[in-house]
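Go ahead and model the full structure; you've got the sequences and the hints to work with.
Residue numbers (the numbering used here), protein chains in the order written: chain A, 1 to 313; chain B, 1001 to 1172.
What the hints contain is simulated information worked out from the structure, not anything from laboratory work. None of the values given here were measured: they were computed from a predicted structure. Some hints could be false.
Using 30 Å as the maximum straight-line C-alpha spacing, the simulated DSBU-like pairs for lysine-lysine come out as follows [unchecked claim]: (1) A:K104 - A:K47; (2) B:K1064 - A:K47; (3) B:K1125 - B:K1103; (4) B:K1064 - A:K229; (5) B:K1125 - B:K1073; (6) A:K133 - B:K1053; (7) A:K133 - B:K1073; (8) B:K1053 - A:K47; (9) B:K1064 - A:K274; (10) B:K1087 - B:K1132; (11) A:K47 - A:K229; (12) B:K1064 - B:K1125; (13) A:K229 - A:K180; (14) A:K47 - B:K1087; (15) A:K135 - B:K1053; (16) A:K72 - A:K274; (17) A:K180 - B:K1053; (18) A:K230 - A:K274; (19) A:K230 - A:K266; (20) A:K229 - B:K1132; (21) A:K133 - B:K1125; (22) B:K1103 - A:K230; (23) A:K47 - B:K1125; (24) A:K180 - B:K1087; (25) A:K72 - A:K47; (26) A:K229 - A:K266; (27) B:K1073 - B:K1103; (28) A:K229 - A:K219; (29) B:K1087 - A:K133.
Simulated DEER-style distance windows between Cβ atoms [unchecked claim]: (30) A:D183 - B:E1131: 52 to 60 Å; (31) A:Q227 - B:E1128: 46 to 54 Å; (32) B:D1034 - A:H182: 31 to 39 Å; (33) A:K180 - B:A1037: 20 to 28 Å; (34) B:S1107 - A:S175: 36 to 44 Å.
Ideal Cβ placement from N, Cα and C applies to all residues, glycine included.
Chain by chain, the residues:
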Amino acid sequence: MKIHRFAFTCLLATSFLTTSGCEPRTLTSIEFVSQWGTMGSAPGELKEPIGVALDTEGRVYVADAGNSRIQKFTADGRFLAQWGTQGSSTGELDRPIHLAVNSKGLVHVPEYGNDRVQVFDENGVFQFSWGTKGKDQGEFDAPGAVDFDGNDHTLVTDFYNHRIQVFDENGNAISQFGTKGHDPGQLHYPTDVAVDGNGNFIVADAYNHRIQRFDPTGKFLQVWGRQGKKQGEFEVANAVALDAAQRVYVVDFDNHRVQVFDDSGKFALEFGSKGNAAGQFNHPTDIAIDSDGTIYIADWGNNRIQKFRIAER
Amino acid sequence: MNTRRLLVVITIILAPWLGSQTIAQVEQVDLGVDGLACPFCSYGLEKKLNEIKGVDEVSIYIDKGIASIKGNKGESIDVDQLDPVVKDAGFTTREISVVAVGKITMSEGRPVLLANDNNTNFILKSNEALEKLLNQLAGAERSVRVVGTLMNEMPQNHKGHPYTLTIREFTL
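Structure representation (structure tokens):
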């Protein structure tokens, strides 16, 4: 879930209004709210939930990878709908690994196994898809995540091709950037992308254990992080999202935590530790943040979704 | 069961079946792979292994660090593709366990399992007693089922050269 439009509005407002309600606020803590999900395949149960996204109504969509399906919940975790079965035909899913909902309410699902992005309406009715296996523009080798810019262009991380591809809202290829490597601007198995309030792309450069920011043309702007366990270090930085204040939240997979940074990449705080108690994680894989400061985490190894709230002053 | 006893049992079981033939194949491969805890990696390895010729089903056991591959019925898993695929997926192979069915023959004084139709044969390593049995089986034209461990590291440019398989289980 990316809230760049809200954030962009906020940025504009703060440029002209000092009493807009968008003034910078200090992040004090992240508070656990609730959780749902147990291991299983019945409606509402989860098996390896790897992706989480929100629509504009605050409903929660989960890429239930181990069950080859998408599930839809209310904001408090009540089951609403599901779709998808294992396969490669239209509407079937093979390792749905992430998902995102665009401004029109269309649910975009990248499939690792089928090298395509399928698009569904909010009830799971198939709309269209694109992508085949390959290395050329418009092709994928394990598409890992999707997000949208302010024009509803779709950004797709292309895991084994070490790049980000940009498509129009119909799935036509527009541009791409990224090559395999470890230098600034290069990528090593990218797993997620988010769009900040200025329209720049923030990439979870997972196996370089770092975050990189690019402008909309793919020009490198900023990098932070390295491999490790300290604050500001990562053991597989595999998902990224922004809150309304443009803080960057990074899911730190093998450290079983989420780290929060300001927009300059300076560490702010972290939450989570290894375990299965409330607020703990077992290999978290994705994060979605609503405009009201509610955070949802796909707690992959614990087969659950956890909900948190941002506390500010 | 000690080796001598195993030899006797196998020989007794073998007798009625001498002279029959089956199609040889690699039925199953279990790959020991490090670093499977990450789903982006394990799902990726699953995807790559599914693309190998002869593969029907891939199961990833994240907690054990094992990718288990089952072959299509009547088809052989192309063992030559395993190591390149694992490397392409960003992993290093720790161990390769193979279940192969084929006929025993002798080559340069060593028992060899003719395991499939694309020249992926296995030089069989075992203890002395079992090797005697394998020598007997070499002329028997009888299919055997072998579970064994491949050498830890695949040699470069392996195509056309036999793999060495250390036998763990052996049935007729």
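Evaluation of the provided hints:
1. A:K104 - A:K47: Answer holds: K104 (chain A) to K47 (chain A) is near 28 Å, not above 30 Å.
2. B:K1064 - A:K47: 18 Å, holds
3. B:K1125 - B:K1103: The hint holds at about 15 Å.
4. B:K1064 - A:K229: Status holds; Cα separation ~24 Å.
5. B:K1125 - B:K1073: 27 Å, holds
6. A:K133 - B:K1053: 17 Å, holds
7. A:K133 - B:K1073: Roughly 26 Å between the alpha carbons, so the hint for K133 (chain A) and K1073 (chain B) holds.
8. B:K1053 - A:K47: 29 Å, holds
9. B:K1064 - A:K274: Holds, because 19 Å separates the two Cα atoms, which is no more than 30 Å.
10. B:K1087 - B:K1132: The given pair, whose Cα atoms are some 38 Å apart, is violated under the 30 Å limit.
11. A:K47 - A:K229: Within the cut-off at roughly 28 Å; holds.
12. B:K1064 - B:K1125: Measuring from Cα to Cα gives roughly 26 Å; hence the hint holds.
13. A:K229 - A:K180: Given pair K229 (chain A), K180 (chain A) holds - Cα atoms ~24 Å apart, limit 30 Å.
14. A:K47 - B:K1087: 27 Å, holds
15. A:K135 - B:K1053: Distance of about 21 Å is within 30 Å: holds.
16. A:K72 - A:K274: Given that 30 Å is the threshold and the Cα spacing comes to 27 Å, the pair holds.
17. A:K180 - B:K1053: 27 Å, holds
18. A:K230 - A:K274: 15 Å, holds
19. A:K230 - A:K266: 13 Å, holds
20. A:K229 - B:K1132: 55 Å, violated
21. A:K133 - B:K1125: 40 Å, violated
22. B:K1103 - A:K230: 57 Å, violated
23. A:K47 - B:K1125: 42 Å, violated
24. A:K180 - B:K1087: With Cα atoms ~15 Å apart, K180 (chain A) and K1087 (chain B) stay inside 30 Å; holds.
25. A:K72 - A:K47: 14 Å, holds
26. A:K229 - A:K266: 16 Å, holds
27. B:K1073 - B:K1103: It holds: about 18 Å lies between the C-alpha atoms, which stays within 30 Å.
28. A:K229 - A:K219: 29 Å, holds
29. B:K1087 - A:K133: Holds, at roughly 19 Å.
30. A:D183 - B:E1131: 52 to 60 Å: 54 Å, holds
31. A:Q227 - B:E1128: 46 to 54 Å: Since the Cβ atoms of Q227 (chain A) and E1128 (chain B) sit about 49 Å apart, the hinted range of 46 to 54 Å holds.
32. B:D1034 - A:H182: 31 to 39 Å: At roughly 20 Å between Cβ atoms, H182 (chain A) and D1034 (chain B) fall outside 31 to 39 Å, so the hint is violated.
33. A:K180 - B:A1037: 20 to 28 Å: Given about 22 Å between the Cβ atoms, the range holds.
34. B:S1107 - A:S175: 36 to 44 Å: For S1107 (chain B) and S175 (chain A) the Cβ distance comes to about 56 Å; the hint is violated.
Consistency with the previously given hints fails for numbers 10, 20, 21, 22, 23, 32, 34, ordered from lowest to highest.
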